[in-house]
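Taking the hints into account, I'd like the entire structure generated from these sequences.
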Amino acid sequence: MPAAGHLLDVRDLSVVFTRKGRRDVRAVDGVSFTVDAGETMGLVGESGSGKSVTSLAVMGLLPKRGVRVGGEVHFDGDDLLTLPPERMRDIRGQDIAMVFQDPMSSLNPVVPIGIQVTEVLERHQDMKGEAARKAAAELLDRVGVPDPNRRLKEYPHQLSGGMRQRALIAMALACRPRVLIADEPTTALDVTIQAQILELLKELVRDSGAALVLITHDLGIVAGLCDGVHVMYSGKIVESALRHTLFAEPRHPYTGGLLGSVPRLDAPRGAALHPIPGSPADLRPWSQGCAFAPRCANRVDPCMQETPALETSPDRALRCYNPLRADEEVPA
Amino acid sequence: MALIGFGLIAFFVLVAIFAPLIAPYGPTDRPGADVITPTNIPGPSAEYWFGLDELGHDEFSRVVFGARQSLLVGVVALLLGMAGGLLLGVLAGAFGGKVDGVIMRIVDVMLSIPGLLMAIAIAALLGRSLLSVMIAIAVINIPIFARLLRGQMLAQRESDYVLAATSLGVRRRSIILGHVLPNSMSPVIVQATLTLATAIIEAAGLSFLGLGSPDPRVPEWGLMLANTQRYLASAPHLAFFPGMAIVLAALGFTLLGERLREALDPKYRR
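Residue numbers (our numbering), protein chains in the order written: chain A, 136 to 467; chain B, -14 to 255.
Don't read these hints as lab results, they were simulated from the structure. We treat Cβ as the ideally placed atom computed from N, Cα and C, and that holds for glycine. Some hints here could point you the wrong way.
Among chain B residues calculated to face chain A with C-beta under 8 Å, some are [stated by the list, open to error]:
| no. | residue |
| --- | --- |
| 1 | D145 |
| 2 | S152 |
| 3 | V155 |
Structure (structure tokens):
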């Protein structure tokens, strides 16, 4: 039974990609998290850490062939993973919606914006013709697209990147979903637009009381927006905490490394950046110890032998044998 | 080049539409019936621009009226073939899996038979008429369109906007018909233009082989070519003008098709 109270409750989610003649790839491995209404949850990690696959699995958008999804995704009393596809199609867009990374390719290039927005309204809200068009114009207006009536008739290529992302957000919010998953919503945009879009997301979530799952590799975005943060590495959550706790006191060396690699305005000019050595391409499976161990400065012997468990303490969850100490400097 | 192609097509379309106004004689009128003998078939002159044919028809009038037949056969054959091909392609591309497998194997079988050979067989089976020529050409074009559209649709189904639409709960039917299909059409349009060119040549070819209209008086370019075989040495103009008309009409559609391909096909861009 799902615990009462949590809007979205993901438990022990795992996604395995299987292919004949190849080793299975565990893209998501025992990920659990919850999100409540009005809350913004950040899912952080570098490319290949399984953030996007997690979101696709929650939405039921992974292909059926060659993919094994395990665990539970509780939403509104249902386990989304076991719902029949027709029910799931009703939930998508209506109750849970998603905003994707690339606004250039996420809109159909040969269909006017208006039709793409009204399509969602017609699908879920039984709106038709003029009413749907009016509602679409209001939506575009709400997400800050100027002159919405003209924009509705235009094609995606006539809009700037920021405008397209706004249109996509309008589509996602069209039916006032209770959960919005934003998968790197600002990665393809330039910095000033990024700030606007994030501000917009924040505002919309606050006004509608929806839950926001924000997937990103950018800790700056997390700092500005999220209540809770889960840091993922190689398919597993390695550290979870409230934003303040995590930023003030990162304990997992990977979190510390992510924070240390962010360029700072108050650092002296010309100071070197501090990247995490190695790359996720050196992935080790979690079954042979800690997957982050090869890149970790705090590595101790058990790291290479046994998989660390996610230990929960009152203010955080941590998966590490030799975490950074509270007073320790972020490793340079 | 595209302008030349477009010009040629416009020219032939106008000629076809206004044939009765352009041609000085009707296609079956025989103004030179008294002049010609088997050894004397006059060539181009001021009165008969393209000369007279072996029955005393005005060759110019017949070439002009022939534009109607050729364009009609080409367009009807194309539309029939495209309709059949698109239907199969949409089914295969939309459903995938077993439906796709069955349809594509049928298409493979059709493609494995040489086009003209199959067209000859079909036209022969259906009997001599322009309609059977159209059907024959349509049938050999069905697998080409089916395969083209199916491949495009399968590729488009993987695109981001389809995922985005799916994530918003849009129904499968709307995604296929409203998103995937419109994005898959541009190579089909290109192929249609190029197919018009080959359809005109194939129609002429089938008529030349005697599979077209059984009535020798019908002004059809391929048939006109076939009828002049015996007089090739004494009256080469009878082969030259209809042949030229076929070449120019096919060239027009080819040039336009190539330009369309450059404009619409991302592989040819930049």
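- Broken hints, by number: none
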